[in-house]
Amino acid sequence: MAKKNRTVYVCQECGYESPKWMGQCICGAWNTFVEEKVKDADVSDKRSRTMDRKRTQMQKLSDVRSGNETRMDTGIGELNRVLGGGLVRGSLTLISGEPGIGKSTLILQAAANIASAGGTVLYVSGEESEEQIRMRADRICKDIPDSLFILSETCIENVFECAQDLKPSFMIIDSVQTMYSEDIDSAPGSVSQIRMCGNELMRVGKVYDIPVFIVAHVTKQGELAGPKTVEHMVDCVLDFTGERNQDIRILRCYKNRFGTTSEIGAFEMGPSGLEEIENLSRTFLEDSESGTEGAVVTAVYEGSRPLLMEVQALSSAAGPGFARRSSVGVDLRRLNMIIAVLEKKAGLSLGNEDIYLNVVGGLKPEGTYIDLAVALAIYSTYRGIPSPDRTIVLGEIGLTGELRNVMNADKIVREAKRMGFRNVILPKKNAEKIGNVEGMILTGVRNISEALDFFRR
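Residue numbers (this note's numbering): -1 to 455.
What the hints contain is simulated information worked out from the structure, not anything from laboratory work. For each residue, glycine too, the CB sits at the ideal point set by N, CA and C. Errors might be hidden in some of the hints.
Keeping only pairs whose Cα atoms sit at most 16 Å apart, straight-line, the calculated EDC-like set for lysine to aspartate or glutamate is [said to hold, decoys possible]: (1) K218 <-> E96; (2) K427 <-> D408; (3) K342 <-> D387; (4) K343 <-> E400; (5) K409 <-> E430; (6) K343 <-> D207; (7) K226 <-> E11; (8) K427 <-> E394; (9) K165 <-> D207; (10) K218 <-> E11; (11) K343 <-> E448; (12) K415 <-> E436; (13) K18 <-> E33; (14) K253 <-> E229; (15) K362 <-> E241; (16) K226 <-> D387; (17) K253 <-> E364; (18) K253 <-> E221; (19) K426 <-> D408; (20) K426 <-> E394; (21) K165 <-> D136; (22) K362 <-> D329; (23) K427 <-> E448; (24) K426 <-> D451; (25) K426 <-> E448; (26) K415 <-> D387; (27) K426 <-> E400; (28) K362 <-> E221; (29) K342 <-> E448; (30) K409 <-> E436; (31) K343 <-> E394.
Have a look at the derived ranges for each label pair, beta carbon to beta carbon [stated by the list, open to error]: (32) G75 <-> G349: 47 to 53 Å; (33) D207 <-> D285: 44 to 50 Å; (34) M438 <-> V205: 53 to 59 Å; (35) L164 <-> R132: 15 to 21 Å; (36) S270 <-> V205: 20 to 26 Å; (37) G349 <-> D183: 55 to 61 Å; (38) H230 <-> G317: 44 to 50 Å; (39) R132 <-> M438: 50 to 56 Å; (40) R455 <-> G365: 25 to 31 Å.
Required output: the full structure, derived from the provided sequences and hints.
As structure tokens, this is what we get:
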């Protein structure tokens, strides 16, 4: 029976399909529908013949084998940490990042490690030729194992045939925006193609018990390109970030069905590929100088480890027009709120001051751990007061100027002691809970005014 073509209208924002054109989508976006031709699959579809379907049957949850027992070691400790202990068989992982940040380098190193450990790996590239991948492998891999296979292909059906013949223990698709299915009459990278290829890759991974890595592009705004349904469909979403003028790369997990989403992995880009950073705090603070105006050391707790970093602020008289507010690493709305609290509760006049804020190292800390450090850095540069020597500052600032306690403050204090710091300014409740720490001076403050009083000493 021949396949029939049908016309659908797909929203480029959310991927919603409609049989007719609509001015406004259900997601609220206007004029985002594009026309696409779709072929209805029949019973003789090639994919149905090549895919082995498992019979659906019920089983007791107590009889199901835990996925933690079948995790696969990638040979990269920081990647294992972010994934929750390694790759889970049958999982579908999506990794995104800006062009040239090192996504392909990271997964090629992981592929070479798995292949060297005895696994069979299939690396599918729709963007590079076999020769280009070999050139990268010569640079970052000590030895290229014979069980690492390369396929330069963009047709998803051809990829499935090769995967069925090879039966790899790990498969990589680089990237999903270059893949297309012959069953859909639209260009690669369209909403329908990405959703179709994503669904099929997920089915391949589940049926053959293969962990699959998908590389995805990002938009100009830094968001994941393609329909949002792909993020909901995959098991794990990773984001690889970093500043182009720096060597540090941060791997962060935004979704993980097999582990926590608060872990981060740290890497340094070198001539021979990505190298793991074991002591990330020391890396962030190695160029910091004590007693500098506008520079305050703070800390956050990411996943299972505390991270120390430096916050820098600069204020200068504004020119004609509105004062500028610029922030790197801190949400601009959060910065404006902290400035408002300083004006209202500390009596600072910042309306005619340009304020620039930067978190050294390119890290974008989550949570409100560094609110007090941001406020003190702004105060330091505005008043010209050097920051206290060997001092860590942390705490959340409320709208009334009070300081709210933060989680895992005790672990941050122990890390600060290990790094050679002697003073910690933190919320009073945290200081009372921690108590005395040998070799450390904990200063508990109730509000922003008390913190500034200590800072002026």
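Structure-based check of all given hints:
no., hint, verdict
1, K218 <-> E96, "holds (9 Å)"
2, K427 <-> D408, "holds (12 Å)"
3, K342 <-> D387, "violated (28 Å)"
4, K343 <-> E400, "holds (10 Å)"
5, K409 <-> E430, "holds (15 Å)"
6, K343 <-> D207, "violated (59 Å)"
7, K226 <-> E11, "holds (8 Å)"
8, K427 <-> E394, "holds (12 Å)"
9, K165 <-> D207, "holds (10 Å)"
10, K218 <-> E11, "holds (14 Å)"
11, K343 <-> E448, "holds (11 Å)"
12, K415 <-> E436, "holds (9 Å)"
13, K18 <-> E33, "holds (9 Å)"
14, K253 <-> E229, "holds (8 Å)"
15, K362 <-> E241, "holds (11 Å)"
16, K226 <-> D387, "violated (47 Å)"
17, K253 <-> E364, "holds (15 Å)"
18, K253 <-> E221, "holds (14 Å)"
19, K426 <-> D408, "holds (13 Å)"
20, K426 <-> E394, "holds (12 Å)"
21, K165 <-> D136, "violated (25 Å)"
22, K362 <-> D329, "holds (9 Å)"
23, K427 <-> E448, "holds (14 Å)"
24, K426 <-> D451, "holds (15 Å)"
25, K426 <-> E448, "holds (10 Å)"
26, K415 <-> D387, "holds (14 Å)"
27, K426 <-> E400, "holds (10 Å)"
28, K362 <-> E221, "holds (15 Å)"
29, K342 <-> E448, "holds (15 Å)"
30, K409 <-> E436, "holds (14 Å)"
31, K343 <-> E394, "holds (15 Å)"
32, G75 <-> G349: 47 to 53 Å, "holds (49 Å)"
33, D207 <-> D285: 44 to 50 Å, "holds (47 Å)"
34, M438 <-> V205: 53 to 59 Å, "holds (55 Å)"
35, L164 <-> R132: 15 to 21 Å, "holds (18 Å)"
36, S270 <-> V205: 20 to 26 Å, "violated (37 Å)"
37, G349 <-> D183: 55 to 61 Å, "holds (58 Å)"
38, H230 <-> G317: 44 to 50 Å, "holds (47 Å)"
39, R132 <-> M438: 50 to 56 Å, "holds (53 Å)"
40, R455 <-> G365: 25 to 31 Å, "holds (28 Å)"
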